[in-house]
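S.K.: Sequence:
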Amino acid sequence: MASIVLADDDEDLRSVYAPFLRAAGHTVREASGGSDALELVRKHRPRLLILDVWMPGFNGFEVLEALRHDPASSGLKVLMLSNIGDADTRLECFEMGATEYLVKGLALVDLRARVEKLLKDSTEMVEGREVEPMPPL
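146 is the number of the first residue of the sequence shown in this note's numbering; add one for each residue after it.
It should be emphasised that the hints constitute simulated quantities derived from the structure, not laboratory data.
The structure presented is a predicted model; accordingly, all values stated were derived computationally and were not measured.
Backbone N, C-alpha and C define an ideal beta-carbon position, used for all residues, glycine too.
Worth double-checking, as some hints may not be accurate.
With a cut-off of at most 16 angstroms between alpha-carbon atoms, the simulated EDC-like pairs for lysine to aspartate or glutamate come out as follows [claimed, not checked]: (1) K249 x D231; (2) K188 x D215; (3) K188 x E175; (4) K249 x D155; (5) K249 x E156; (6) K262 x E245; (7) K249 x D154; (8) K249 x D157; (9) K265 x E245.
Quick list of the computed label-pair ranges, beta carbon to beta carbon [to be verified]: (10) P216 x L253: 30 to 36 angstroms; (11) D231 x D255: 30 to 36 angstroms; (12) A258 x N228: 29 to 35 angstroms.
Working from the sequences, and respecting the hints, build out all of it.
M.R.: Below, the structure written as structure tokens:
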């Protein structure tokens with residue numbers, strides 16, 4: 146399936162989401178903070194980053210900004226997660242280049258549907274075959 150980085154400082158959330166996504170066939174690497182997330186994305190070049198907005202150290206906005214200024218991550222889909230569902234936060238995430246924004250607490254089946262849609266949308270066709278936009282180094 147696909148390589149995913151799940152970055153959230155909430156260990157309880159990661160302990161639910163990561164196994165669920167692994168059971169769906171994905172390779173999931175976990176980060177507890179923004180600097181770890183950047184390191185994992187740069188090292189493993191996933192197709193999707195699931196990124197918490199508010200984390201200690203580098204927050205989700207700072208991670209997203211760093212990634213969007215890095216040409217190597219231009220094809221990366223970023224799903225922002227937050228406890229905050231206000232329009233201003235959502236708008237700021239989208240203006241910074243987030244692909245999707247979800248409020249925490251959604252049903253796992255809804256998370257999986259959004260993840261699968263993002264992964265499907267991230268696949269490109271080159272000469273009649275599917276390729277990842279960010280091939281591994």
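S.K.: Confirm or reject each hint.
M.R.: Status of each hint after checking the structure:
no.	hint	in the structure
1	K249 x D231	holds (13 angstroms)
2	K188 x D215	holds (13 angstroms)
3	K188 x E175	holds (13 angstroms)
4	K249 x D155	holds (11 angstroms)
5	K249 x E156	holds (13 angstroms)
6	K262 x E245	holds (10 angstroms)
7	K249 x D154	holds (13 angstroms)
8	K249 x D157	holds (12 angstroms)
9	K265 x E245	holds (14 angstroms)
10	P216 x L253: 30 to 36 angstroms	holds (34 angstroms)
11	D231 x D255: 30 to 36 angstroms	violated (20 angstroms)
12	A258 x N228: 29 to 35 angstroms	violated (21 angstroms)
In this structure, the hints that do not hold are numbers 11 and 12, in rising order.
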